[in-house]
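Dock chain L against chain H, hints included.
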Amino acid sequence: MTALWAITRNTLLMLLRRRAPLALAMLVLLGAPFLGLAILEGDNTLAGLMRLTISYNLTVFSAALVMLTIYASCTCLDSEFSEKQIYLLDVKPVPRWIVLAGKAAGVLILNAWLLLVGGVILYGILMYQAKPVKGRPEQLSDAYQQILVSRQSYRPDLPNLRDEVQREQKRLIQEKRIDPTEWDQQRLQQQIAMALDKKLLPIPFQGNRKFIFHGLPTENDSVSGVTLRYKLYGEREGESVEWLQTMWLVHDPSTAMVHQIQLVAKRGTTREIQIPASVISKEGTVEVTLVNLTGPEEGKPAAKINIPLSDGLELLVPNGSFELNLFKAMSLMWIRLAMLATIGIFANAFLRGRVAAFLLIGLAISGMVHSTVKSALIPPRTMINAKTQDTADDTVRNLGAAFLDMLPDFSDTDPLPDLSVGRLIRWSKIFHRMIMDMLCRGGVFVLFGLWAYRVREVGLPIYE
Amino acid sequence: MSANPVIQTFELSKLYHHPFFKWMVSAYALDSLTFQVEPGTVHGLLGPNGSGKSTTIKLVLGLIFPTDGHASIFGKRPDDISVKSRLGFLPEETYLYRFLDAEETLDFYGRLFSLSSRERKHRIDALLDLTGLRAERHRPLAEYSKGMLRRIGIAQSLINDPELVIFDEPTTGLDPIGTRDIKDLILELKSKGKTVLLSSHLLADVEDVCDNVSILYGGVLQADGPMTTLLQQNNLTQITAEMDEATKREVVELIRKRSNNQSEIKVSPPKIRLENLFMQIVESAHSENMATSGVGTSSGRLDFLSQTAEPGILDKLQQESPTASAMMNKSQPVAAEAMPSSASLDALVADEDEEDDSDWDEDEEDSSLVEPIKPNTSLLDKLTQENDV
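From first to last, the protein sequence lines stand for chains H and L.
Take the first sequence: its letters are residues 1 to 464, numbered as in this note's numbering.
Take the second sequence: its letters are residues 1001 to 1389, numbered as in this note's numbering.
Bound-form chain H, shown alone (with noise of 0.2 Å):
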């Protein structure tokens, strides 16, 4: 340990006596908040200009620190090769491993450090903007409940469209459109059920659906409130409206009263309605229903309100502090900063610093265009009406699929669309990013860097 704790500290000297790159980390660190002080406006709401500044900071923060972070681990441990000093490191009774385990050690702590510096200057902006001032404490109210605070999230229960698949899959068959010895069942039962959705899903003028959310902490678990989030798309004759007029009705089991609230909503906007906590039941549900009163206008016809379930609707109830979720937030900055620079420094096992540096340069944009590429090179295909099925081309598909899903995504590690809106990160979402980003991506090059540099001929001259 003694060994590996005197790596680490020479590491992190190093890249603090380095001025230039931590100067200008430092300098982001330091002068981007400030100027997004001096700059940022928002929707003139303060929670709007709130998670602006969170989104603002995170996204500066976090190409800053990707950016040292592949100079820290592109050059920490091929500085030892290239200054030689890697021949007197290499006879002391140090095992090789714990070389390199010392170097990355070095620059997880350094990225944390950083990451505790930014989260701070952070929230010191944010308490900054939530000051009380006169004339806006409706303004602060919303800040609090919307921004700063943590709330965990509850999706609706999707339709049992089983049935309906099981005849519409028949039909289907029955019409030769499509062919079921080809086809994965599952798949194709899957992209039947998508299909049916999607016909069921709009609701109709004076029409309702209703959504039930389970799960949630009863009444005993000392819950304030909880917060509907939602978004709605319209459209009437094929096009899109802009204006939708709903009403929302939230059964309250404790008076068995309904809870009545109506409201015009702008496309695509997402909204929030607060509702009191006893709407949930003994069993831990709530039930939603959501009318469309979007009517006849100008001699066109009623709309039909599209709710999209999978980012469309959810409940929010307050779980935990706004501090908690935003070190979590840093903590999965931390743990993509961790991955790229686990891979930097053991691929600089075999490979030169240079090389490493293109390689997580690489990494880095594949991570952030990463479900684009992936849509990109393998569109959803439709099994119904398909014609044949191309073996060869669905073997290419799959194959490009795998290997995207070998890359790193960085929207899996990007804490911006839960922390911008106070919704809770769980920590099994930190755990999970931690195995499969650190652990299975980092660690197929930790395996190789250690086999690659236990036969490296360390005292080899450097060819430039």
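Since the hints were made in silico from the structure, they are not lab data.
Calculated cross-link-like contacts (lysine to any residue; reagent style SDA-like; alpha-carbon spacing at most 25 Å):
1. Lys1076/L - Thr1041/L
2. Lys1192/L - Pro93/H
3. Lys1022/L - Ser82/H
4. Lys1022/L - Ala452/H
5. Lys1146/L - Ser79/H
6. Lys1266/L - Leu1254/L
7. Lys1146/L - Phe81/H
8. Lys266/H - Asp418/H
9. Lys131/H - Arg423/H
10. Lys1121/L - Leu4/H
11. Lys1022/L - Val355/H
12. Lys1022/L - Val458/H
13. Lys1146/L - Leu13/H
14. Lys1022/L - Phe350/H
15. Lys131/H - Val120/H
16. Lys1076/L - Val458/H
17. Lys231/H - Ser55/H
18. Lys231/H - Thr372/H
19. Lys1076/L - Ala3/H
20. Lys231/H - Gly207/H
21. Lys1022/L - Phe358/H
22. Lys1146/L - Arg17/H
23. Lys1022/L - Pro461/H
24. Lys1076/L - Pro93/H
25. Lys1146/L - Ser82/H
26. Lys210/H - Pro156/H
27. Lys1121/L - Leu13/H
28. Lys231/H - Asp414/H
29. Lys1121/L - Arg9/H
30. Lys1076/L - Trp97/H
31. Lys429/H - Ala64/H
32. Lys1121/L - Ala3/H
33. Lys1121/L - Asp1101/L
34. Lys1121/L - Arg17/H
35. Lys1192/L - Ser1082/L
36. Lys1022/L - Arg352/H
37. Lys1076/L - Trp451/H
Example chain L residues on the side facing chain H (calculated, C-beta under 10 Å, incomplete):
38. Leu1059
39. Ile1081
40. Glu1104
All C-beta atoms, glycine included, are put in the ideal place defined by N, C-alpha and C.
Only chain L this time, still in chain H's reference frame:
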């Protein structure tokens, strides 16, 4: 040849390959090198630039792997971790972290040997004193001169009290005083029973300190053996004495007569070595307290270095003779410890010197014909004496 050599190579060969086209050989660095380094000796590795000295050292240290043959240190593979805790290494250039200062550098390497913080501090102080860098201990190495870097490099090689020290061109970049200090240090290490492998192309350095020497050229071992055997010219005799012109003529005449005019005779006054002359001048200037910049004077004692070799005569006396032991106890209580600790070791050495001096005085009384030559006092002892003065 020892049964347990510290370093042993057998048919050691190394080919350097092209970095990209691995099947292409770019250099034949070493060819079937077989040699061994005996414990407690100073072994010189000689050869011109590119002769394979550094390659040999890298192979012995496990920094590169042999194409053929094998090397061992302390009877084990070079990559064995247990071996590495017993050796110190100074590479041909001082590859240290420029962002650290001298104290941090030694502390870092001390930590790699898992030394306790107390032990590290003690050794760092001793080594900084030895290298004359105490005053510069907090300056970043980036600001050090080449000679100062060399000194701190040497200090790091001794931080773990190694049994084997490998010096690759240790005097590169050092002034004559520094060079002399290094040579004295090597002899000091030898006197403590350490084994030293010294690679150099400066023949005078090697000649002054080495017991055995291996000469390489073109990656091939050209000569190998004890220095005295290799350098001795058995057919010639050198006499050094003070004599007047008449005596000189008589001696020459006598030799001519005895050899029937066959012997080639050269008569000239002996020259002292330039290094000795230089040291005399510097020591004289130093004694007059003339100001100078640069590193301070080496001082301090490597009291943490342990005795690696068999106990000396004094130690044996201590163990075997109760009377001697009692005498030692009387004069220096710490010397009576059964196993010499780092602290008691110096006391032992000091006593040994005193003992030697008194023995010498007795010898002088017995034999007035032979000019007394004092045993080689170590640099550290000498400096201590100077300080005492």
